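Chains as they are written, first to last, in our numbering: chain A, 74 to 576; chain X, 12 to 338; chain C, -10 to 312.
A hint or two may mislead.
[Claimed, not checked] Stretches of chain C that chain X covers, calculated by requiring three or more beta carbons in the stretch to come under 8 Å of a beta carbon on chain X:
id, segment
1, 115 to 123
2, 127 to 141
3, 233 to 242
4, 285 to 294
[What the hints assert, rightly or not] Here are the computed distance ranges between Cβ atoms for each label pair:
id, chain 1, residue 1, chain 2, residue 2, range
5, X, I329, A, T398, 21 to 27 Å
6, A, E141, X, R331, 38 to 44 Å
7, C, Y109, A, G478, 44 to 50 Å
8, X, G116, A, P444, 34 to 40 Å
9, A, F88, C, V(-1), 51 to 57 Å
10, X, I31, A, V279, 58 to 64 Å
11, A, V279, X, I329, 54 to 60 Å
12, C, Y109, X, I127, 31 to 37 Å
Hints listed in this document are in silico derivations from the structure and should not be mistaken for laboratory results. From a predicted model like this one, the values you see are computed outputs, not experimental measurements. By construction, the Cβ of each residue, glycine as well, lies at the ideal position given by its N, Cα and C atoms.
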Amino acid sequence: MGDVILTMKGIDKSFPGVHALDHVDLEVRRGEVHALMGENGAGKSTLMKVLTGIYKKDSGTITYEGREVEFQNTREAQDAGVVIVHQELNMVGDLTVAQNIFIGREPKKGIRIDDKKMIEDSKALFDELHIDINPREKMNELTVGKQQMCEIAKAISHHAKLIIFDEPSAALTEKEIADLFNIIRDLRKKNLGIVYISHRMDEIKVITDRVTVMRDGCYVGTLVTKDCTKEDIINMMVGRVIYEEPKTHSMVPKDAPVVLKVENLNAGRMVQDVSFELRKGEILGFSGLMGAGRTETARAIFGADPKQSGKISIMGKDGQLHEVTINSPQDAVKAGIGYLSEDRKRYGIVVEKSITENSTLASMEDFCNGPFINKVKEKKAAEKYIKELATKTPSADQLVVNLSGGNQQKVVIAKWLVRNSDILIFDEPTRGIDVGAKNEIYKLMNKLVSEGKSIIMISSEMTEILRMSDRIVIMCEGRKTGELMIEEATQERIMDKATRNID
Amino acid sequence: MTKKKSKLLGDQRFIVLLVIIALITVYVIFSKEFRKYSSILSMLDFSYYDILMAIGVTFPLITAGVDLSIGTGMVCYALIGGTLVRNYNCPVAVAMLVCILLGCGIGLLNGVLIGIMGLPPFLATLCTCMITRGIGSRCSATPWPTLKQPGGWFHSIFKLTFGSGRGAFKFPIGIILMIILVLVMEFVLNHTRFGRYTIAIGSNKEATILSGINVKFYHVMDYVICGLFAGLAAIAYAAVTPTVQPGTGAGLELDAIGGVFVGGVAATGGYGSIIGTFAGVFVIVLLKTGLPYIGLQANWQQIITGFVLIGAVLIDIIKRKRAVAKQ
Amino acid sequence: MEKFKQNPIVRKIGFNRVVLIGVLIAMYIVFCVAIPGFVGLARILDTLNYVYFLGFLSLGVTFVIATGGIDFSIGPVMFCCALIAGYCLNMHGVPIGASILISILVGLAFGLFNGYLVAYWSVPPFIVSMASMNIGKGIGAVFTKTQSVSWPMQGAPGGSFRSIVAVNGFPTGIIIFLAAAFVCGIVLYNTKAGRYILCLGSNREAVRLSGVNTKKWEMLAYVICGLLVGVAAVFFVAAYTTVQPGYGDQYNNEAIAGCVMGGTSMVGGLASILGTVIGVVTISLLQEGILALGLGKDIQLIVTGIIVIVAVYADVSARRKKN
């Protein structure tokens, strides 16, 4: 490990309603791989975006190579040798690999782009990194893993001195991860500073030298990786103090009937052979790290994305399970499933429309006489749920865009309650919702199950999982890796299964 | 080897070539008239302006935009140029330059509306389509000079005549010019920054911006190039049309745009080739000029072009859907 | 100003539309002052003739734009409807009632074609419009062998259909048009179909994930548009008698202008029937005024083009500010 290349001190950043970074520190040395860890929403990506000039910091200092800097944009950061390999790929799919690597700085021969030189340079770059990719191939014909490799190669070709990997392994196969690690080791040998953001405990132990942990936008601490155990890191990530009392035992009777049974569901790479049961009156928590395939599972069940195989059975009016065919959300809604997306603005609400219009969107038939909407009845229903869910709004005519996150979520809940769906899938039900409103959503969910509804709750917040669930399904890399009753569940056990590689 | 073979068959340009050959074969078999040299000459005459418009509009189409103003624009520039020659004794060479400059000007307007002000391309150019049509009718009453008049020399840009009288031999030099232009623009598209960024904008505009490229500039330039070629098309149009009529030109853009899609430009942008466009536009030209030879009303051509356009785009959409399903 | 904006009537109608009414009245006064002989019933009746067919086109395209799509084949398709129906009427002795029905059915067929391609095959709407525009022109020309078609005059057999526009100088058309606009308003704001159309224009994915068959409803918007285009054709010939194949493009722009000026957003999700009606009247008066000033069709085209650019830019930049 060499001298310090980057010091970030007391970095503070607020967004409207969120204190994203609360005086965070980070120090990176040359020739080290420094892990940045924390649960989703801990502020890791925000910190890196502040560093590379995508966000402006409110306060704090950044010292890079001995001078204080504040990059205005990624270009400036790049020129100084700080490059970031994004989680989302930033590639122009219709151009070739070489063209992508040199985009914006193509070598020229007169007015002609010197493609030959570009290809040769790319080849040299790949040889240096021991990557086997044909620079002539079109980007969108490569696997996601290889695209990632190209992105890394592009970053390195900028004469980088500090490279940030933002969850690079999320989309990679085992073999590709091994390749990636070889590259990173090479880079370390070349005395580059490397920041490695990841959720995967196994990787952290293998590749990193030090680890800095963040939680809720705060700096928790920095450890030397080889001196600490996995448990140490997990403890730092989840925190010792748990604000909300976890559930100690399930209220669901052991013989409660199964309302939804999923068998061997397969949908792409992110949902492989998933099976589980949901009982009446139960909150079934889905835990796992980002990219574990939980949302994909929910969307496949709901018919929002196509699936390859699998059997889905739902309890009919007669109390028996019947196999149902779900090829579209229409089928799912008819079968009594409601889905509350993690991304409400994109998938949940129609922001420019009123609460009333949103509430009845999934059940227009009930409010229509022939083709005509019975607006009085509609408004009554909307108002009923505004009252029942304690939605804060001057009237049911208010446009949803003017509501806070928590109240928007209530509108989405109202939509499915109006529809009278028996099975509700909550995907990150409290994301972007402040603490007070969170509690209300929790109370509401408890009330719903006590009224006989059944809930699947996908959550990346450990405390939320432990507080709400009766039973917990844990997923990792598209597979179900475990199932725990709430009585036997602890943060450590869940984290262990969520980071476990099943093969 | 087999991979190469299937790639060749999968290449839209190859299929288009087969279609062209098939069309010509049908015409040759069923129409005596078509087999004459003069028919080929006249077919080529009427292909130049379509080819020019199509080369130009390929660029906006690759960026996932469109330029609907090229047809009426072309007529507008030709009218203004002709009026200058007729009423103001302007030299023909200057009038030609004016056509090109006007084309660039309207292209720049389109570019600014779309690339900088953020208007939807089809709407902005639908408006400039109407505006150029209005301006064209406003500024004109007269056609361009014909061959017999002074200044008629510009016809021979596209057709050289050797000898005179009945024995005169005419050589379609225009097609050679077209081939040269196609090769030049193919080079521009594939081997210059302008071309590369055009493809990049159409493929993933966001990523292109993040790569630090001045996307606005290149986006505007795409429409300027398109306008430039509409200006060139105006010259070609004036050279073959006995009289350029005010108020016409609407619908001509479809021949060009249809040709580009037939030539394999992706409906969602990001992919295209000028050689493909060249082949694609020939299909349209063959339909346009050839149908009367086999006894079909010229109006059928409009209908058929409409369906050909939809068909070409559908093929592209289905291809992409399959590719996604494979992944 | 703020106080005026908060006035309950102004809020009900919408501030933009109140301004537009102001513009309309001001424009009328300017024309009356500037053009000798513009005052009087004759001009108003002329303007109304323009309002009818353009109004139906504009109402139709409002539904399409509400979904976030576009249809600029409506002008030529309207001519195609009038040509085919008129051809049947003149050449094959089809009764006038049936001819009107044919016109509407042709419009409907185009609507189905456009809607199916856009909704079920995700062909970009502008490409579908381009194709339909030319198919419409071509079919109209093929049917009539490139001849213009005239519909019967008042008094001739079948000429009674002109009563839809005027009876003894009384503009019956205005009643029919307003009634149609009212029905469109009901459909857009008070039926399931209208609700889905508006919502999917605003956020298609959210509507789909609410278990709604978005494709079906998106297609319906184009079908409604086609139907109204067929009706517009009848009003066109009732006012202007003759249609020529190969024309009609300019009405695309005017109809879209009426929509966008009235406050219907090009991005989709927001549509105002009242706005479209006011917008159409404004555009029609403008066209009438330009002609009365002795300026030709060309100026109409240029002015309409500029209006659409300005109106759309206003909409685009207002949205950008919001985000």
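Evaluated hints:
Check result for the segment 115 to 123 of chain C against chain X: holds, 9 residues qualifying (beta carbon to beta carbon below 8 Å, three or more required). Chain X is given as covering the segment 127 to 141 of chain C, and this holds because 6 residues of the stretch bring a CB closer than 8 Å to a CB of that chain, at least three being needed. Coverage of the segment 233 to 242 of chain C by chain X holds [criterion: at least 3 residues with CB-CB distance below 8 Å; count 6]. Judged by the Cβ-Cβ criterion of 8 Å, the segment 285 to 294 of chain C is covered by chain X as claimed, because 9 of its residues qualify and three suffice.
Our hint of 21 to 27 Å for I329 (chain X) and T398 (chain A) holds, since their Cβ atoms are close to 25 Å apart. For the pair E141 (chain A) and R331 (chain X), the beta carbons lie near 49 Å from each other, so the given range of 38 to 44 Å is not met. Range check, Y109 (chain C) to G478 (chain A): about 35 Å between beta-carbon atoms, so the 44 to 50 Å window is missed. Remark: the range hint 34 to 40 Å for G116 (chain X) to P444 (chain A) is contradicted by a beta-carbon distance near 51 Å.
The hinted window of 51 to 57 Å between F88 (chain A) and V(-1) (chain C) is violated, with their beta carbons roughly 36 Å apart. Between I31 (chain X) and V279 (chain A) the CB atoms are about 59 Å apart, so this pair conforms to the stated range of 58 to 64 Å. One distance hint, 54 to 60 Å for the beta-carbon pair V279 (chain A) and I329 (chain X), is violated here, with the actual separation near 45 Å. Take Y109 (chain C) and I127 (chain X): their Cβ atoms lie about 35 Å apart, and the range 31 to 37 Å holds.
When the structure is compared with the earlier hints, violations turn up for hints 6, 7, 8, 9 and 11 and for no others.
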